[in-house]
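Enquirer: Spelled out, the chains give:
Protein chains: 2
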Amino acid sequence: MTAGLTVAVDAMSGDHGAEVAVPAALEVLASTPDLRLIIVGRSEVVLPLLGAALDNDRCRFVEATDVVAMDERPQDALRRKKNSSMRIAINLVEQGEASACVSAGNTGALLATARFVLGMVPGIDRPAIVSALPSTGGYTVMLDLGANPDCNDDHLVQFAVMGSVIASDLHGIEHPRVGLLNVGEEDIKGTEEVKAAHKRLTGSALNYCGFVEGDKIFSGDIDVVVTDGFTGNVSLKAMEGLARFISGAMKEEFTRSAVRKIGALAAAPTLKALKERLDPRAYNGASMVGLQGVVIKSHGGADRMSFANAVRVAVMEARNGVPDQIVDLLAKVTATGVSSE
Amino acid sequence: MTAGLTVAVDAMSGDHGAEVAVPAALEVLASTPDLRLIIVGRSEVVLPLLGAALDNDRCRFVEATDVVAMDERPQDALRRKKNSSMRIAINLVEQGEASACVSAGNTGALLATARFVLGMVPGIDRPAIVSALPSTGGYTVMLDLGANPDCNDDHLVQFAVMGSVIASDLHGIEHPRVGLLNVGEEDIKGTEEVKAAHKRLTGSALNYCGFVEGDKIFSGDIDVVVTDGFTGNVSLKAMEGLARFISGAMKEEFTRSAVRKIGALAAAPTLKALKERLDPRAYNGASMVGLQGVVIKSHGGADRMSFANAVRVAVMEARNGVPDQIVDLLAKVTATGVSSE
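The listed protein sequences correspond, in order, to chains V and W. Be aware that the first sequence starts at 1, since it is given in the working numbering, and climbs by one per residue. Be aware that the second sequence starts at 1, since it is given in the working numbering, and climbs by one per residue.
None of these hints come from the bench; they were simulated from the model. Every value quoted in this text rests on a predicted model; they were computed, and no experiment measured them. One or more of the hints may lead you astray.
Unchecked claim - Where chain W lies over chain V, by a calculated footprint (3+ residues, C-beta under 8 Å): (1) 139-152; (2) 189-196; (3) 232-240; (4) 294-303.
Stated by the list, open to error - From the structure, some residues in chain V lie toward chain W, with a derived Cβ separation under 8 Å: (5) Leu181; (6) Val183; (7) Ala243; (8) Ala249; (9) Phe254; (10) Arg260; (11) Ala273; (12) Arg277; (13) Leu278.
What the hints assert, rightly or not - In silico lysine to aspartate or glutamate, EDC-like type, Cα no more than 20 Å apart, as pairs: (14) Lys275(W) - Glu240(W); (15) Lys272(V) - Glu252(W); (16) Lys251(W) - Asp215(V); (17) Lys272(W) - Asp324(W); (18) Lys195(V) - Asp150(V); (19) Lys189(V) - Asp71(W); (20) Lys251(W) - Asp279(V); (21) Lys195(V) - Asp150(W).
Backbone N, C-alpha and C define an ideal beta-carbon position, used for all residues, glycine too.
Just chain V, with the same shape it has in the complex (with noise of 0.2 Å):
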């Protein structure tokens, strides 16, 4: 690769801006050595931010006129904002200049942009959208997170696909577990689509559990969990809204009363080591992958810690080349007979 090991940044969006993305990106610079970054933005926001770190020669500043706002239609960030951050971040990915891109941007906009300019995976058809959540004893990756409402079979299949390869270069896992979410574990279970994905899964070159329900993700028995982007869209906010919810249950019963309050000073290590345990900080940096390029989403209200998590997510797939993994598993899995028909 030309480029090296090099990471686009998109500092200037998000709720927070460069506040947050350029102290994060010089944080991940510093820990690793082969790393190469591109900031891109508003010179006099990032400049100031960027200080001494432009003496380094493992960091350079593109300037960005413009920016996305994070209520932007996907469409029109496409056609009006060719010299925001976003566009140019990417644009790096396309030409060569970087091996990877970071936006806490718009969702859509991202998305809509990156599909644009760098094009498919030969074989995948859309853009799907994964994420690492905990489980118990290691992480889950889940997808499709929101990209993709509507899916067919084929779609489910390519999922599986780019699951697996995410699993394998970011988490290590040699054969990871597929499981293809469903209502049931018997096959006459479950839509149209998941009927005839779990037909074509069953058997191919990936290690295919089979169906599995809503409560594996958490439970460890497997690595990587398939469903359509409106389900894990769904699953992941009423996942995020109860863990708040139980996480403000927990603070109101701690401060109900001076024997209560006495209580939880007690037990504060545990509590802090419980909210670092299940800190979604640590887990921030969704790829979007299926695209010809690394391009990784960071949460828009990311802080200068989970910011960095999606660097060192993008780092990790760029060292890997997901994109050419993808390809590749692609290719085995449907030379052992998963096919549409």
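Dock chain W against chain V, hints included.
Expert: Only chain W this time, still in chain V's reference frame:
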């Protein structure tokens, strides 16, 4: 109603059968002066457990020689188990002997049998599974939780009506706020089915609040969450899995060292209160709505407290005449312009 307030209890189904169902039902009988019970099951199993309760003229026993197995296929249960406790409990509702029935049996078999025996409320195409989940400040009623993997806009509109009735009748909410689950809140997002349902619900006689994302299930902003049975079932199971995962992580962290264990002791009253507040047993008892009769499904693994809660749900729905309320609200909604064109 000739049945007065009479609940038929399938005492043989579920993981624990009569050992749990009979004492749980008798507990609710003791605390509900106008309730009558019909306990359905095998005499040799049920009669010893009923004991002196048979002297109570509000409790009677009906023999059922057969039991539907937990893994029995719905169609087999329907065709071959005409003398099962499940079938006879449902028959009692159809015959007007009981105003509601409760079973901890196989969901698919209960749904198929209830639909065959009782038939649908006019204007409702399919039964849906509905339950209340704890949320900030109260409860959120959610449906469909798994009866219908494939749904069109007609079904979603009918679910909105049925969910509103349940929120009013069971939770005393006057104009329940209804949200339709989607991958975003903008009109342009989502599948064709949710977009069509959204259009029809907007401006209807329901208190429709528009599209909501998954985190709104717990936020207290809405009272009824409508979705298809695939998304509903997967999200519900995902939330159950997450709750178990968090509770497991808490236990691990609190027992990691002697110091942590002392912290846990000091925090014990709070942890107990938290556990009670989030106890899924308190929310047991899913309604199968849309049928011409009240049918309550208890969790298969329900313990006594949990099964008793399912019986209480049956009592409330029978008291309110949920099927009639659905007919009434559906007429109002249809009159104000929710139509399928």
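Enquirer: Compare the structure with each hint and give your call.
Expert: These are the hints, each one checked on the structure:
Counting residues of the stretch 139-152 of chain V whose beta-carbon sits less than 8 Å from any beta-carbon of chain W gives 3, enough to reach three: the coverage restraint holds. For the stretch 189-196 of chain V, the proposed coverage by chain W is satisfied: 4 residues have a C-beta within less than 8 Å of a C-beta in that chain, meeting the threshold of three. Chain W is given as covering the stretch 232-240 of chain V, and this holds because 8 residues of the stretch bring a CB closer than 8 Å to a CB of that chain, at least three being needed. With 0 residues carrying a beta carbon less than 8 Å from a beta carbon of chain W, the stretch 294-303 of chain V misses the three-residue requirement, and the given coverage is violated.
Checking Leu181(V) against chain W: minimum C-beta separation of about 5 Å stays under 8 Å; hint holds. Interface restraint check: Val183(V) against chain W, minimum CB-CB distance 4 Å, threshold 8 Å, status holds. Proximity of Ala243(V) to chain W holds as hinted, the smallest CB-CB distance being about 7 Å (cut-off 8 Å). Using the Cβ-Cβ criterion of 8 Å, the hint placing Ala249(V) at the interface with chain W is satisfied: the shortest such distance is roughly 6 Å.
The interface hint given for Phe254(V) is met, as the beta carbon of that residue sits about 5 Å from the closest beta carbon of chain W, less than 8 Å. Hint status for Arg260(V): holds, given a least beta-carbon distance of 5 Å to chain W, under 8 Å. A cut of 8 Å between beta carbons decides the hint on Ala273(V): the least distance to chain W is about 5 Å, and the hint holds. For Arg277(V), the shortest C-beta to C-beta distance to chain W is roughly 6 Å, which falls under 8 Å, so the interface hint holds.
A distance limit of 8 Å between C-beta atoms decides the matter here; for Leu278(V) the minimum to chain W is near 7 Å, and the interface restraint holds. The suggested pairing of Lys275(W) with Glu240(W) holds, with an alpha-carbon distance near 14 Å, which does not exceed 20 Å. Pair hint Lys272(V) plus Glu252(W) holds up; C-alpha atoms about 13 Å apart against a cutoff of 20 Å. Of the supplied pair hints, the one linking Lys251(W) and Asp215(V) holds, its CA atoms being roughly 19 Å apart against a limit of 20 Å.
For the given pair, Lys272(W) sits about 40 Å from Asp324(W) by alpha-carbon distance, which is inconsistent with the 20 Å threshold. Taken as a hint, the Lys195(V) and Asp150(V) pair is honoured in the structure, with Cα atoms around 15 Å apart against an allowance of 20 Å. Restraint check for Lys189(V) and Asp71(W): satisfied, since their Cα atoms lie roughly 13 Å apart, inside the 20 Å limit. Pair hint Lys251(W) plus Asp279(V) holds up; C-alpha atoms about 17 Å apart against a cutoff of 20 Å.
As the CA atoms of Lys195(V) and Asp150(W) are separated by approximately 12 Å, the hinted pair is consistent with the 20 Å bound.
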